[in-house]
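Asks: Protein chains in written order, with this note's numbering: chain A, 1 to 141; chain B, 1 to 110.
In case anyone wonders, no lab produced these hints; they're calculated from the structure. Quantities reported herein were computed from a predicted structural model and do not represent experimental measurements. Keep in mind that a hint or two might mislead.
As the list claims (entries may be wrong) - Far from chain B, some chain A residues (derived; all Cβ distances over 12 Å): (1) 7; (2) 60; (3) 62; (4) 72; (5) 99; (6) 135; (7) 139.
Said to hold, decoys possible - Taking lysine to any residue and the SDA-like style, the derived pairs with C-alpha atoms no more than 20 Å apart in a straight line are: (8) 83/B to 18/A; (9) 83/B to 24/A; (10) 78/A to 123/A; (11) 117/A to 36/B; (12) 21/A to 77/B; (13) 21/A to 54/B; (14) 101/A to 77/B; (15) 83/B to 17/A; (16) 21/A to 53/B; (17) 31/A to 43/B; (18) 31/A to 88/B; (19) 21/A to 78/B; (20) 101/A to 33/B.
Quick reminder that beta carbons are idealized off the backbone N, C-alpha and C, glycines included.
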Amino acid sequence: MNSVIHEEYSVAQYDFANAGKASSSIKEHLKQLGVDPQVLRRIAVACYESEINLIIHAYGGDIILDVFDDGTIQLIFKDEGPGIEDIEKAMTPGFSTASEKARSMGFGAGMGLPNIKRVSDEFDIQSSSEGTTLTLRFKES
Amino acid sequence: MKLNELMNELKWSNRTPDLNLEREVSGVYCGDLLSWVMGNGLPDQAWITVQGHMNIIAVAGLREFSCIIIAEDASIEEEVIQKAIEENIPIFESHLPVFETAKLLIEKGL
Numbered sequence: 001m002n003s004v005i006h007e008e009y010s011v012a013q014y015d016f017a018n019a020g021k022a023s024s025s026i027k028e029h030l031k032q033l034g035v036d037p038q039v040l041r042r043i044a045v046a047c048y049e050s051e052i053n054l055i056i057h058a059y060g061g062d063i064i065l066d067v068f069d070d071g072t073i074q075l076i077f078k079d080e081g082p083g084i085e086d087i088e089k090a091m092t093p094g095f096s097t098a099s100e101k102a103r104s105m106g107f108g109a110g111m112g113l114p115n116i117k118r119v120s121d122e123f124d125i126q127s128s129s130e131g132t133t134l135t136l137r138f139k140e141s
Numbered sequence: 001m002k003l004n005e006l007m008n009e010l011k012w013s014n015r016t017p018d019l020n021l022e023r024e025v026s027g028v029y030c031g032d033l034l035s036w037v038m039g040n041g042l043p044d045q046a047w048i049t050v051q052g053h054m055n056i057i058a059v060a061g062l063r064e065f066s067c068i069i070i071a072e073d074a075s076i077e078e079e080v081i082q083k084a085i086e087e088n089i090p091i092f093e094s095h096l097p098v099f100e101t102a103k104l105l106i107e108k109g110l
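Produce the complete structure using the sequences and hints provided.
Replies: Shown next as structure tokens:
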């Protein structure tokens, strides 16, 4: 598989004012490419949730978008810590470690990772104290 | 039902008067937990919330809601209004609580 589109976005820790900006750009770009609206909506949910995770849980991070020549859309969310202590717990609907500030803004429902997994065709998460890498793939079919 | 018909009948204040209100509303979603709203809302719904900060614009844009209705006179930051105009997302204010606001929309057939 060759990547036909490759883009990277940086997301800063606690940058609530710009939260969702990268996801909106990615959605807009994929829309212009003619990605199916249903797939696009799934990507938007996953991308926004993952972007928020970089802002509220990680020390910021990067979003890497690749569109492959077979139509697969891949999003990688990569940060440099602090890592997820217990991934199984983090995947449990309702479990959250979000700060009071994040909660007061309506985040921290504990639905982020479960929502992301639900809407993605492929979901892989690797985490250590050095950082977390979340790889998502979406296929048009 | 279109946004302008709802606005006129329900006496909402329109905080983004320059935006086009010809858009159809398909239903209603109520919620303040953004992940929940993001995960479960549907395109073209009117979203009722008491959250008035910047992040509601990203959620409404990505979920393709037809508008945001801020219930119970909850405060909205001015920069949120500016962003809503840029992103073409109408924002209304309802004096009524979320439940009462939704009830009136149901009475209108939504």
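Asks: Mind listing which of the numbered hints don't hold for this structure, in increasing order?
Replies: Every hint satisfied by this model.
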